[in-house]
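Trainee: Sequence:
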Amino acid sequence: MIDDSSSPRKGLPQIFDRRGIYYGWIVLFAGTVGIIMSVPGQTMGVSIYTDPLLTSLHLSRVDLSMAYMLGTLGSALLLPFVGRLLDSIGSRAVAAFAALGLALWLVFLSFSPSISTKFGLWAHLSPRWAGAIVAFVGFLGIRHFGQGELTIASRTMMGRWFERRRGLVLGFSGLFVAFGFGVAPLVLNLLILRFGWQRSLEVLALGCCGMALFAWATFRKSPEACGLEIDGKSAVENIQAGIEDEISFTAKEARRTIAFWAFNLGMAAHAMLYTAITFHMERIAQLNQMSNAKAFSVFLPVAIVSTSADLMGGAISDWVPMKYLLLVMQLGLCLGLLGARSYGTTRGFLLTAIGFGLGNGLFSLLSSAAWPKLFGREHLGAISGFNMSWVVAASAVGPYLFSLGDAWTGSYRSILLFSLIIPVGVLIASFFATAPTRERVIQEVSI
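Numbering (this note's numbering), first residue to last: 19 to 465.
Each hint can be trusted.
Here are the simulated distance ranges between beta carbons:
1. Ser78 with Gly362: 17 to 27 Å
2. Val205 with Gly362: 23 to 33 Å
3. Val221 with Lys136: 18 to 28 Å
4. Ile276 with Ala333: 21 to 31 Å
5. Arg102 with Ala141: 34 to 44 Å
6. Leu143 with Leu305: 26 to 36 Å
7. Leu231 with Thr427: 44 to 54 Å
8. Asn207 with Ile334: 31 to 41 Å
Please keep in mind that the hints were generated in silico from the structure rather than gathered at the bench. All C-beta atoms in this analysis are idealised placements derived from N, C-alpha and C, irrespective of residue type, glycine included.
All chains, please: the whole structure from these sequences, using the hints.
Mentor: The following block contains the structure:
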């Protein structure tokens, strides 16, 4: 088991011990808040600032997409290390540090126009090159600390505190996360209208500082590290339920299974394609003669469908193999891509909302619930960190490829159709993504 401790209730606020409240429920709430607070580093948060950054940093859309891709790829390279760090020191310190780092880089981006000008004069660079370098540094920071560290710390922590009905519990968390992500673009747009784009980033930075304090006060590594039994049950009840005998796989063992790669590539595919469409939403609006408000309004129905899919998927994930949820997620991604090809029509708008809503909800669920269910909790940080590095890297490549497609053809229709190959391939692979057993992995390692 994980970090068993002989010290009862170690490091927990006294109020929860006195009232008999299982601290896992506090962890569930705190982890949900942590994921929502990562929005400034997520694509739906960055996409709202695309046009102001293009103008202020003297960049073309391809330039900005390249800076975004390189910054996000740089972030991805660090995440396996973050995952191993989570296994050793826990989510509390990692999440608090990530929130502070995100705040710092948001302030950096708020001053990016003046930083770019001064840097260009000092380095004797053109405004375009100076702006691209500053954008790269800004994206590297917010993507690493927001989409990367804060998200993985929150998800990994929640997965470690529940075993029985884990899917339902995490689905309930995902309901609020999906809704939060869905309404985030609307909230950020209101902040920009109220404060201006630069000052709104500083407001978000203050919120992230508050998140750092909140994470330090509430985040905890695992029930065993706090002297508790998982699910709030007694040791006898957990032994009877088979939890005490949980088998955990190392990250190296997990990577030798078909199941890992099917889920890993499925999540990466969703991140790549949904990120690309979200990042270029303003351009998609222009191509379809839509206002930005109308184009971004799709995120509300996406949030509604996503919350429903997350909750229903969580409820059944404790009873059915995870591979069927992966299959449905890829079907949703296919629908979303087809809908985006005719986004200006009512049918295309609805298909986009339903498809990406379905995919988003199940992506959120599988990101939290699939790895502990398939491979155990002991090495969850390392496994999740490796997966998140793929997800983040894929989310970096998507916007750049779509910007090239637009530059070459004048629209996104061709690249959207070509992109269908990816989810269709994962959909086929999902039929073979059977949960691994210790004996099967040992046989594969010995071959």
